[in-house]
Amino acid sequence: MGRTVLIVDDHAGFRTSARRLLEAEGFEVVGEAADGHSGIESARLLLPDLVLLDVQLPDIDGFEVCERLKQKGPGPDVILTSTRSGSDFGPLIAESEALGFVPKAGLSGRALEGLLA
Amino acid sequence: MALLDDPPPWLLWGTGLAGLAAGLATVPLLLNNDRVDGGSAFAALALLICWSFIGAGLVAWRQRPASRIGLLMVAVGFAWAASAISLSDQPLLFIIGATIANVWTVLLFQLLLTFPDGRLTTRNEKLLAAAAWVSGLLLQIPALLFQAFPDPDLCLNCPENPLLLVDSETVADIFLLLQALIVVPAVVGLLVLLVRRWQGASDAQRGTFVPVLWAGGAVMALLALQLIGLAFNLNGPITGAIVPLILIAFLLVPFAFLAGLLRTHLSREAAVSRLLTRLRELPVEGGELKGLLAEALGDPSLRLGYWFPPVSGYVDQNGRALDLDQEERGRFLSVVESKERRIAVLLCDPALAGQTQLVDAVGAAAALALENERLEAELRARVADLQASRIRIVEGADAERRRLERDLHDGAQQQLVASALSLRLARDKLKSDPQGADELLAQAAADLDLATGELRELARGIHPAVLSERGLGAGLQALADRTPLPVEISEFPDERFPSGIEAAAYFLVAEALTNVARYANAGKATVAVARKNGHLEVEVVDDGIGGADPAGGSGLSGLADRVAALDGRLEVDSPPGRGTTVKAVIPCEL
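First to last, the sequence lines map onto chains A and B. FYI, this note's numbering numbers position 6 of the first sequence as 6, with every residue one higher than the one before it. FYI, this note's numbering numbers position 143 of the second sequence as 143, with every residue one higher than the one before it.
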């Protein structure tokens, strides 16, 4: 059984592509959410191993979602993603409690495994 | 009351002749009676008083028709003449004369009370005037109902009183006392008011006030003393000595008024000539002109507003807009014009409303200097406008960059990411699942098409290629084709213009059509672009709901700045329910 993943991103096209890609590489995608608040709610209900979290969301940004997920206990692992490059966000990624960052165009099961290991 | 405000010559002459006749009519009464001392000397004095008031009143009426002082002086003259009727031996005439004997004093009271505009305005003024009329005329009637004549104290040689109801000196005295009780506080009130008015007056005004107020105030004070004497039966030496003093002070009033008028006239000429000399002598530096004008007008509170044509309003010396509704509260406004062009407005002390000739003369004398200052103020206002619009342009450009970044991120970039992921997945499946790989490749191609479309749209928003390559006509046609409602291009120029002008016209039409499609609920729109008199005129008209606010939303105001940067102007006419017209006029003469 692969790791369970929740995808939080406001672009439906990306969620579909990411789901197909990750499932092909052995992950089990247990849910999708289109904004920060519903992402937090879904994580609480679905208890995924990993949250693939877009940085720019329509309500609250990915850094804040990450902080809230980690507020009560260890929570799921978080990997941030964006169409932008990681360096666009300065020190924010390093300062967050996320495991790391994967640019959307470079998303693959292998890239996630690398960060999870 | 146009007749009173602008008395025609016949009215002035007629009044003068009537005054002459009224005066002459009193002569037999004054000479042929045994009730007043002084005989012909008194008659001459009385006649002089009558004619002086009427004459000075007519001069004042003609010179300052807006003020009621002239009319009041004429009225005092006539009332004075009328009071001589009381000298008649005919009982009915005698008692009519006795009834109206005090009217001249009441009119004089009102004249002083309302000096210099002759109008009752404040509540206090109205109250005091009412008290004077009640005491001087109204209470005179009941007093006479109980006063028998001849009376050994009051009038030994008077005829009988046909009004007599009951012969009761006590009741008559009560009314007399009542008159005194009302009139004495009223006179004190008047004197207090006059002192206050004197304290609040400018130096120039004091010159005109003082003589009249002194003479008139003296008459009033003496009359009040006389009435007290009568009420308390202090006859004899006191009242006897007061009468000639009253007459002399009374006679001085019209002459004091004429002296004040002359003095105003002279000081006005002096002020204007001093101002002209000063304006000739030295170049007037910033702010100095205001000081010179304030000095000439005797109004340190003077403020100046300069006409600023672009907003059809006034600005101060620093080019800041003046809110006249706020500023003019209680001020007297005098607009300075030259060759029918508005230059400035003088915001004066309200007391100067009575001296419009002075204010006009000072304004006319300083028109040239004011025009220079106006140009400076206009320059400052334009610089301030320019700075504000420059900031808006920079901010607008920032906002535009943010919008581009967001559009790229939300649009093309997402499509490209999606197609990259699809391609990677397809590669992995190429051998194991060729059909799945095929579907993924088709998906990737579709995403790439979408991304290309998004990028094309964005590029067109940054600068439309058709505009730079084929000019306004083709650019406008492309805009019309993309607008989701019928757009007619009724007119467009074949020639090419500088790229800044073409871009301004193009984006103006683009923004206007976007607004029409989004908000106007219109059936169609018409675009007309034409070169007229060295200007490119761009007009977009729709038949929608109107009510567009050019200040709201940055779309049109950003375009207004773009047009203003080319020295053009943008107008939006959007009456509710009657469509919207957006029109820009941009200079394009090379």
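Source of the hints: derived by calculation from the structure; they are not laboratory data. Fair warning: there could be bad hints in the mix.
Claimed, not checked - Here are a few chain A residues that face chain B, going by a calculated C-beta distance under 10 Å: (1) Arg3; (2) Thr4; (3) Phe14; (4) Arg20; (5) Ala24; (6) Glu25; (7) Glu28; (8) Gly31; (9) Ala34; (10) His37; (11) Ser38; (12) Ser42; (13) Ser87; (14) Pro103; (15) Ala105; (16) Leu107.
As the list claims (entries may be wrong) - Residues from chain A that face chain B, not an exhaustive set, calculated with beta carbons under 7 Å: (17) Ser17; (18) Arg19; (19) Thr83.
Because the structure is a prediction, the values reported are computed rather than measured. The beta-carbon is built from N, C-alpha and C at its ideal position, and this holds for glycine as well.
Exercise for the section: For the hint on A:Thr4, just tell me whether its beta-carbon gets within less than 10 Å of chain B. Expected result: 20 Å, violated
Handout entry: Restraint satisfaction for A:Arg19 [CB to CB of chain B, less than 7 Å]
Key = Hint on A:Arg19: violated, closest Cβ of chain B at ~10 Å, above 7 Å.
Exercise for the section: Classify the hint on A:Gly31 as holds or violated, based on whether any CB of chain B lies nearer than 10 Å to its CB. Expected result: Interface hint status for A:Gly31: violated (19 Å vs cutoff 10 Å).
Exercise for the section: May I ask you to test the interface hint for A:Ser17 with respect to chain B, counting a Cβ-Cβ separation under 7 Å as satisfied? Expected result: 4 Å, holds
Problem - Interface restraint verdict for A:Phe14 against chain B (beta-carbon cut-off 10 Å) - result: Cβ of A:Phe14 sits 6 Å from chain B, so the hint holds.
Handout entry: chain B contact restraint for A:Ala105 - C-beta distance below 10 Å
Key = Hint holds; A:Ala105 Cβ to chain B Cβ min 5 Å, cut 10 Å.
Handout entry: Interface restraint verdict for A:Ser42 against chain B (beta-carbon cut-off 10 Å)
Key = Violated, about 21 Å.
Problem - Hinted contact A:Glu25 with chain B - closest CB pair below 10 Å - result: 8 Å, holds
Problem - Restraint satisfaction for A:Leu107 [CB to CB of chain B, less than 10 Å] - result: The hint holds - A:Leu107 has a Cβ within 10 Å of chain B, the shortest such distance being about 6 Å.
Problem - Satisfaction of the A:Ser87 interface hint, Cβ to chain B closer than 10 Å - result: Hint violated; A:Ser87 Cβ to chain B Cβ min 16 Å, cut 10 Å.
Problem - Residue hint A:Ala24, partner chain B, criterion CB-CB below 10 Å - result: 6 Å, holds
Problem - Residue hint A:Thr83, partner chain B, criterion CB-CB below 7 Å - result: Since the shortest Cβ distance to chain B is 4 Å, the answer is holds.
Checked against the numbered hints given earlier, the structure breaks hints 1, 2, 7, 8, 9, 10, 11, 12, 13 and 18 and satisfies all the rest.
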